[in-house]
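Asker: Each chain, written out:
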Amino acid sequence: MTSTVRRGTVRLVIVPTSPEQLLAEVAKGDGDAFERLYDQIAGPVLGVARRVLRDPAQSEEVAQEVLLEVWRSASRFDESKGSALAWVLTIAHRRAVDRVRSAQASTDRELRDASRSHVVPYDDVADEVENRLERERVQQALGALTDLQREAIRLAYYGGYTQREVSDLLDVPLGTIKTRLRDGLIRLRDALGVT
Amino acid sequence: MTESIHLLTGAYAVDALDGDERAEFEGHLTGCDDCREELRGLTETAARLAGAEAVVPPAGLKTSVLSQIDSVRQLPPLTPPESAADEAIAPVVELRPRRTSRLLSVAAVVLAVAAVSLSLLLAQARSKNTELSAQAQSVAQVLTAADAHTVTSEFAGGGRGAVTVSATQGSAVLVATALPSPPSGQTYEMWFIDADGKARAAGTFVPGPNGSAALPLTGSPAGSAAVGVTVEPAGGSTQPTTKPILAVQTGP
Chain A
0 MTSTVRRGTV
10 RLVIVPTSPE
20 QLLAEVAKGD
30 GDAFERLYDQ
40 IAGPVLGVAR
50 RVLRDPAQSE
60 EVAQEVLLEV
70 WRSASRFDES
80 KGSALAWVLT
90 IAHRRAVDRV
100 RSAQASTDRE
110 LRDASRSHVV
120 PYDDVADEVE
130 NRLERERVQQ
140 ALGALTDLQR
150 EAIRLAYYGG
160 YTQREVSDLL
170 DVPLGTIKTR
180 LRDGLIRLRD
190 ALGVT
Chain B
0 MTESIHLLTG
10 AYAVDALDGD
20 ERAEFEGHLT
30 GCDDCREELR
40 GLTETAARLA
50 GAEAVVPPAG
60 LKTSVLSQID
70 SVRQLPPLTP
80 PESAADEAIA
90 PVVELRPRRT
100 SRLLSVAAVV
110 LAVAAVSLSL
120 LLAQARSKNT
130 ELSAQAQSVA
140 QVLTAADAHT
150 VTSEFAGGGR
160 GAVTVSATQG
170 SAVLVATALP
180 SPPSGQTYEM
190 WFIDADGKAR
200 AAGTFVPGPN
210 GSAALPLTGS
220 PAGSAAVGVT
230 VEPAGGSTQP
240 TTKPILAVQT
250 GP
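The listed protein sequences correspond, in order, to chains A and B. The first sequence: position 166 = 165 (numbering that gives the first Met the number 0), numbered continuously. The second sequence: position 197 = 196 (numbering that gives the first Met the number 0), numbered continuously.
Keep in mind that the hints are not guaranteed to be accurate.
Label-pair distances were calculated between CB atoms; the ranges are [unchecked claim]:
1) Gly59(B) with Arg131(A): 49 to 59 Å
2) Lys61(B) with Gln20(A): 40 to 50 Å
3) Ala166(B) with Ser101(A): 17 to 27 Å
4) Lys80(A) with Ser63(B): 46 to 56 Å
5) Pro251(B) with Asp29(A): 41 to 51 Å
6) Asp38(A) with Pro76(B): 17 to 27 Å
7) Asp77(A) with Arg72(B): 14 to 24 Å
8) Thr16(A) with Arg72(B): 43 to 53 Å
9) Leu65(B) with Leu173(A): 12 to 22 Å
10) Leu65(B) with Asp167(A): 52 to 62 Å
11) Lys27(A) with Ser66(B): 31 to 41 Å
Read the hints as simulated data drawn from the structure, not as lab findings. Don't be surprised by glycine CBs; every beta carbon is placed ideally from N, CA and C.
Construct the entire structure; sequences and hints are all you get.
Answerer: Written out as structure tokens, the structure is:
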């Protein structure tokens, strides 16, 4: 919110700033609101695409698709189902994962067999980090999980693997993976104070 | 089975379900308040995993995205179904005529639909769920029948639908693409509609990932003149309670 004072009158100009407010404006076709929303979401959108896809060119392509999708379907955002950022990042993650699964379908098996022996290569992020503090908090919360919870969540979320593939990769029964993904996330939720 | 499906909130929140499982769980979600509530928190948590990965985007990305929004048409809001006790099912004559000028786009839609159906069938064939395999089989039989006749149209809220009818198979199939999920607590329901506008319930469904669905209608198309889809409360209705979001003429 900003207020402007003009010749003795006080005019209160409400400038929507939260992603939720901005999305509502975007849904009405407001390009300026979209630009402000862009500034808030582009970093995380590109970041998650980057983390899942690795390839910078593909990640940028997916990020662009996702950002245009946000513009296109802003009217479909339903606040009762969660925050605007979660809505956007759900789209971004799913889009990235779908891209990985379709692109890799053919060459996947060999790669997967090759990677079976070293499961934890997720540390090679060279990009300039946008929010170091948040990253540290999340890393810390992940660190407090059991090894199985943490690896299952990282393989699924950052690796884009299906629960079945995670079960194969970790050589743990599928039922256990389902349970660990759930109780691991619940623990993360509580540790991060998500309401 | 019922017990284990509740456990899938975690896997769903991190997109660890494959296409079929995702669709099945989304179907379950429409009727399970506990799962929806739990999922809300887990989705927010997953978003924090994403947010922690934020990077500084290159300036070119912004220029590119902002320059493109002018050419991207925005979706209309999903309107809640009207309390349409008084709204009879939309007359079949209201259908948008698909004439020769549309032939090309219709052909494109049919091709796209065929591709989607094939991939859905493959995904379903891989699934160990026997119910799905049987369903995939009957979809395949109708789509590949010698007398299969396909009519395409658009859903009112976005997405394309193709209805294929085979008289020899005594069966009809709906293939939907890019169809948004129904509002929570609601489902899509299919109808056979006769020439007098009487509707016969033909099964409910919820689209899977990317808004895709391929499934046979319950019952025979015999005696019907059209196929319609409406939004109904979860579980379905015995008669349509809202205006159809899709209606295609399939018979005389």
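Asker: Which hints, by number, does the structure contradict?
Answerer: 1, 2, 3, 4, 8, 9, 10 and 11
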